[in-house]
Structures are given as structure tokens and as C-alpha cells.
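J.: Once you've looked at the hints, dock chain B against the given chain A.
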Amino acid sequence: MLASRPQTIFNGVLTSPMSTASAQRLRIPTRLAMRSRRRLFAFTIGVLVANAVATRVIDAVAQLGPANALASGLGLSWAFWLSFALCIRLALIEEDQPAGARDFWVCGAGVAAALIPISPVSSLACTALALFMLLDRTAGVYLKAAAMVALAISIQLLWSRLLMLFFVGPVADLDAHLVGLIMQTPVHGNMVGFADGSHRLSILEACTSVQNASVALMLFVAIVRTFRPQPKVSELYFLLGLFISVVVVNIIRLTLMAQNIEMFHLVHGDIGWPVINAIITVIGLLWAVLSVRREVFD
Amino acid sequence: MKSLTKAWIAAALVLALSLSLKVIVNPAWSGEAAPISRTEVLRRFLASATPGPLEAIPAPPSSGDSGGWRFQSGACQAAAFPSGPRGSLDLFARSHARKRDRIAYVYQGEVRSTPPTSALGMDVIVHRLTTAFRPTNEPGYVVLIYPVTCAAPSGLPWAQLPTG
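Sequence lines, in order, name chains A and B. Residue numbers for the first sequence follow the working numbering, so the first one is 1 and each next one is one higher. Residue numbers for the second sequence follow the working numbering, so the first one is 1 and each next one is one higher.
Next up, chain A with everything else stripped away, as it sits in the complex (with noise of 0.2 Å):
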């Protein structure tokens, strides 16, 4: 193992004779210890991520060709891809610093990982990745702010939808519950009376609060994270304050959706849609700026 990173470095030039060593007995070519570290990571943070969404991006190109699938975000939202630009931004401007032996190690186990062609084994590589990153004490500060990012990223690409493999039923009851308790209409599992009683609203797992909180979540780590890379505890308030509100506004959309069945229509179509999530991400971007307010604006 390498007992100690090189301190002193020009332009990505290696100059501690000890580190060198250091390489030369792990067998990494000396020419490739010299790289930047910072780049290293953003390039493994990029091809992990574009990786775990190939997949979804293929199919998006597939099913309504390149122009449309452009258009609607290639398969995911717009506030996936800012995340993803800021996450590798934050890596960066991270100051220079040589990647070390171990660097290069994890860094290569994480572009093996996206070599394999199954798109949910980046995401899992790159959480790995971003923990390494977070619990690294050698790591500076921006490297670690695009570790957050990073794994704010992969909570919802993989987690977010391993959670709702299991618990999709129990959240879209919870969901049902609320709007039932402010309808006071009969609820049956996932399915709550409409208010004139004509019909029976149905939550399925896109209309639950957990998939907005996810993309919440992530936009709310990119922002932050790139106007304040060093994480503060009052964060933790403004991203309970995200959540409720987010959960608030899902409940609002669903129990306007159970008024009637042309609100149903006019909430659920081509309009309501993109309107609510529109809504979403601007109180995703709110939150945000409240919260890195003082880095903002002063």
C-alpha cells in the first residue's frame, strides 16, 4: 500500500521520489501514477453514470427515435442530466493532486464494473465509488462534494427503484390513506374513493411521492453541493422541508386528481403532467437556493 500521498505537485508532475517508488513496486506504470487524480474520478464518476443509464437511453432512442427522445430528456428528467453535468464539474475544480496507487485500483475496478453490460452493476459501482470517495480522508473538499452528487445520483437510478420493488404496496397505501383522510372518502389498499363517487383513483408506483423525492433528492445534492461544497448540519432542515413539500404537493395532485374524472383527465393527460413535475423540480431548485442562499446572493 502507498503509506503516504505525494505532496508536491506541478502541473501533474510527480516530483516525491518516495511516491514514485511507491508506484514502481505496485507495478503502476510511473507515467500513470503521474495522472491527475481529479480527472481519474471525474472519468470514472462519467463512465459509471453514462453506463447506468445506457440502457434507458437505448431503449428511449428505440422507442421514439433520436429526435423525441432528445426532446424528453433521452429516457430521463433534465434535472438528471444537470446533476450528472455538476457532479462531474465538482470533481474538476477539485485542486490537483496525483492519483495514488489505490486510485487507480478502485478506479479500474469501476470502469471493469461498467465494462459489464448490465446497466444496474454501474449504479451499484458507483455508490461503491462514492463512498470511497466520501470516507477517503485524503479526498478534498470538491471530490467529496461530487461524491454526494455521485451518490445522490445512483439513489435514484437503483435505490429508489430497489426500494419500491419491495415496498411499492405499503407507499402507495400510505399515499391513498392521506388523500382519503383529506377526502374523507372510502379507502380499499391503494385505491381511495373519488368525491362525487363515481370512481376509484388507483396509486400506482409513478404517482407515489417516493420517485419526485428521489429526483428532489438529487437536484438538492447537485445544487447545494456545487455552491457549498462543505456539507452544513442545517442542510438536513432544508431537505426535510424539500420532502414534505414534495409529499405535499403529490397529495395535492392526487387528491385533485380524485375529484372527478375530468379532473382526473385534465391533472393525469399531456398537461398536468409536465406542469407537476415542473412544479417539483422548481421547488426542488427553491429549496436549494434557500438552503446555499448566503453563498448566492452575498
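If you're looking for bench data, these hints aren't it; they were derived computationally from the structure. All of these numbers come straight from a predicted model, not from anything done at the bench. Watch out, some of these pointers could steer you wrong.
Computed footprint of chain B on chain A, listed as stretches where at least three residues anywhere in the stretch have a Cβ under 8 Å from a Cβ of chain B [stated by the list, open to error]: (1) 47-57; (2) 108-115; (3) 168-182; (4) 201-207.
Yeah, the Cβ is synthetic: ideal placement off N, Cα and C, and Gly gets one too.
T.: This is chain B only, laid out in the frame that chain A set:
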């Protein structure tokens, strides 16, 4: 060539290689024949396991749902549907249940009163990891709808019905 340029070229090649592998093995573009639909698998099973004729219950077009079948179970009429798309909570199948009906779920040969969420979740993960390179049906269960006055059609050889 500058080392930075070489690094960029190497990075681009690695990215292109990894993404190309995803494109090459993607079932949507593989050209392989699509698997037999779960509705058809269910029809074949019911046709061989039940005496009477089957009546189709078609799913709305482009809904992503799978159609089901009405069949004779003893003295009663029952209906069976392949489970719906993930996250749909079997909306289409359950919409055919009336107040006088019961809903049961069949998974891996076992008839149960609740959806097999945990077992299915684990099987879906394994399926995604092991059969990502060819077009296959994701594991699923069967939703049974039968009158409360009748017994669940558990006498059928459900173990012979594939989960995928």
C-alpha cells in the same frame, strides 16, 4: 502527442467500448425473437389443466398490461391474469374483481392470498443480472379472481406454470 491528449483518447475509447457493449447486448436491438407472451403461456397452461373452454379477457391496446382468461374451476367461473407491469399493482387484473369476488396470487406453484412481493423482488433482481442479454419475460405471478362462494382453484398443477 501530449499525454493529456492520450489520456482523453483513452478515456473516450473506454467510454465508447463500455457503451457499445450495452448497445450490442441490448435485447431491443439484438434481433432475437421475442419470448412467448405470458398471456399465451397462461392460456396453454389453462388449456391443458382445465376441462372447459377458455374465454379471453383482452387488455387495452398499448396499456402494457397482459390479457387474462376466464376458465371453469369446478362449478365456478374464475379468471386468471399474468401479473401486471412492475409498479402497476395489477390494476388491470384487479379491476375485474367485483365485490363478491376474492383475489388470490399464484407464484412458484403456490396459491396465496397476498402478492408474493419479497420473493418476486429477489427473483427480479436475479433475473435482471442473469438474463440481461436476451429478450425474456420478467418473472411474474398469476392473479386469480374467483367468487367468494367458491374455493380457490388451487387444485390445478400450478407448479408446471413457468414464472417467466
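J.: Look at each hint and say if it fits the structure.
T.: Hints, verified against the model:
no.: 1; hint: 47-57; verdict: holds (count 5)
no.: 2; hint: 108-115; verdict: holds (count 3)
no.: 3; hint: 168-182; verdict: holds (count 3)
no.: 4; hint: 201-207; verdict: holds (count 4)
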